[in-house]
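Protein sequences, first through last, are from chains D and A.
Every number in our numbering is 805 more than the matching position in the first sequence, counting from 1.
Every number in our numbering is 805 more than the matching position in the second sequence, counting from 1.
For the record, the hints were derived by calculation from the structure and aren't laboratory data.
All of these numbers come straight from a predicted model, not from anything done at the bench.
Ideal Cβ positions, reconstructed from N, Cα and C, are used throughout, including at glycine.
Treat the hints with caution; some may be incorrect.
What the hints assert, rightly or not - Some but not every residue of chain A turned toward chain D, in silico, with C-beta under 8 Å:
id: 1; residue: Leu823
id: 2; residue: Val837
id: 3; residue: Leu891
id: 4; residue: Ser934
id: 5; residue: Glu938
id: 6; residue: Pro940
id: 7; residue: Ile947
id: 8; residue: Ile960
id: 9; residue: Val965
2 protein chains.
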Amino acid sequence: MDFKVELKKKASYIEGVLKEYMPEEVGYQQTVLKAMNYSLGAGGKRLRPILVLETCKLVGGDEEEAISFAVAIEMIHTYSLIHDDLPALDNDDLRRGRATSHVVFGEAMAILAGDALLNYAFDIMLKGSIGRENPEKYLKAIYAISKNAGIYGMIGGQVVDVESENKKIDKDKLDYIHKNKTAAMMVGCMSAGALVGGADEEQLSCIVEYAEKIGLAFQIVDDILDIVGDQEKLGKNIGSDIYNNKSTYPSLLGLEKSREIAKELIVDAKKCLDGKFENKEFLDGLADYIISRDH
Amino acid sequence: MDFKVELKKKASYIEGVLKEYMPEEVGYQQTVLKAMNYSLGAGGKRLRPILVLETCKLVGGDEEEAISFAVAIEMIHTYSLIHDDLPALDNDDLRRGRATSHVVFGEAMAILAGDALLNYAFDIMLKGSIGRENPEKYLKAIYAISKNAGIYGMIGGQVVDVESENKKIDKDKLDYIHKNKTAAMMVGCMSAGALVGGADEEQLSCIVEYAEKIGLAFQIVDDILDIVGDQEKLGKNIGSDIYNNKSTYPSLLGLEKSREIAKELIVDAKKCLDGKFENKEFLDGLADYIISRDH
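Only chain D is shown next, with the shape it has when bound in the complex:
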């Protein structure tokens, strides 16, 4: 398997699915619909939706049942970027190679487009779950997303990230930020995929462990790329952590040590799946990709 070719194929499949779920840009409220679609359509790696579907298949589930979750997770990810980029937060004007939402649509509309995407994500998951067998399974899967996206997950991480600008923080707090701001959503989407796919408790706990580790590694690599990455490939401004005076793995531990930790996390992540799942080739490849990526 050529992993990068596989990944590209899967991402392009997600692009198609996403388009089907984007709201039609009609009605009095069409500005917000345009703003939602503008940010949703800006590309990106589509890693999270891929993770949902792959985890569902890993445990023997039917990918079709998890599609609305894959779409929803990308909407939640996109809303978090729109709000993160706002002038009151990170004040970024470039994202995925495009002007950010508030630059194009104004601050009010960017705030509302973010709200709308978060809310629409739940719409889609709920609508996609009603009328299916085993509704309890879907309640649990939606809850896995919601819990990991909220104050005890992604939003918690964002809050502490924002408050830590221009402050020296210790590694404990930095780990809290990374685990919540980034890894929690990986845990959320893999848990949802696993639950929809019918995972048992033991499978779920291995998957959560894998997700935590690749999620943390992913963020450490993000921090590294913010220093040594290529702005064009990344599609966003580099140096923004230094500019915003943020504590990161490299700023606390140095580039080399950070790379080492990321590599260890990836080795450990792959161990979580070892001997427990057939057909784990893609998720092994994904783990390796996370530290070798240049964008």
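Starting from the structure of chain D, add chain A where the hints point.
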């Protein structure tokens, strides 16, 4: 029944329940938890949660099953107020008699507190629904909330409201705003209460009609109070519609005509329940209260 005494009793019951569901203010992310609780604890009429529980009982359901929905709806309402008050939107510094969230916690935290409340509302509904009989019923009830809170409901209305500032709009567009910005959430909470309570299709449709009418009347009265109301009783600045140059029922049709329309809506709303439900006394009283209220 003395309606106002009943209403006060029910609101104070909701206050108690809300407190139980508020997140504990501990952890690295405690600023956002404080900001959530600050706005949640600011009082208000608690009409929406009361509507959830009353509708559940109206159709013969067990109020206890709907409590997480009552709490969630107040969280969604509160998030919408926090974001609405932001400088990029209505720029209000006073709400429910207190400084607004962004005045106290700053813009970044107010944005995140709003996001957090919306997300937490789903957490609570989902957690409150898992492990119960008839999970399908709960999926439908949560979807009723989500649909009415989003781009085809409340957010849609907010978007058009924001875009209509300093513009003369026609009654069609104004109706779109009022129906979506305000009435949709009444529809959402009464639908959820009805679904959890086990309403049949016909009951649900009468209840939706009642909710649409009292919702529209509620907003017309809000517009009227923004002109003739008492700032102290309202707990918010009056004259903000005129200041923001907003089209309202009074500005398009005059105060008298607006009052007339609101009264007609209330008469019609009560007719929707007529002969279909025993024990509709409280909802009749609520309809009357909506046009007689001074805050």
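*Kindly indicate which numbered hints from before are broken by the structure, ordering the numbers from low to high.*
Violated hints: 1 and 5; rest satisfied.
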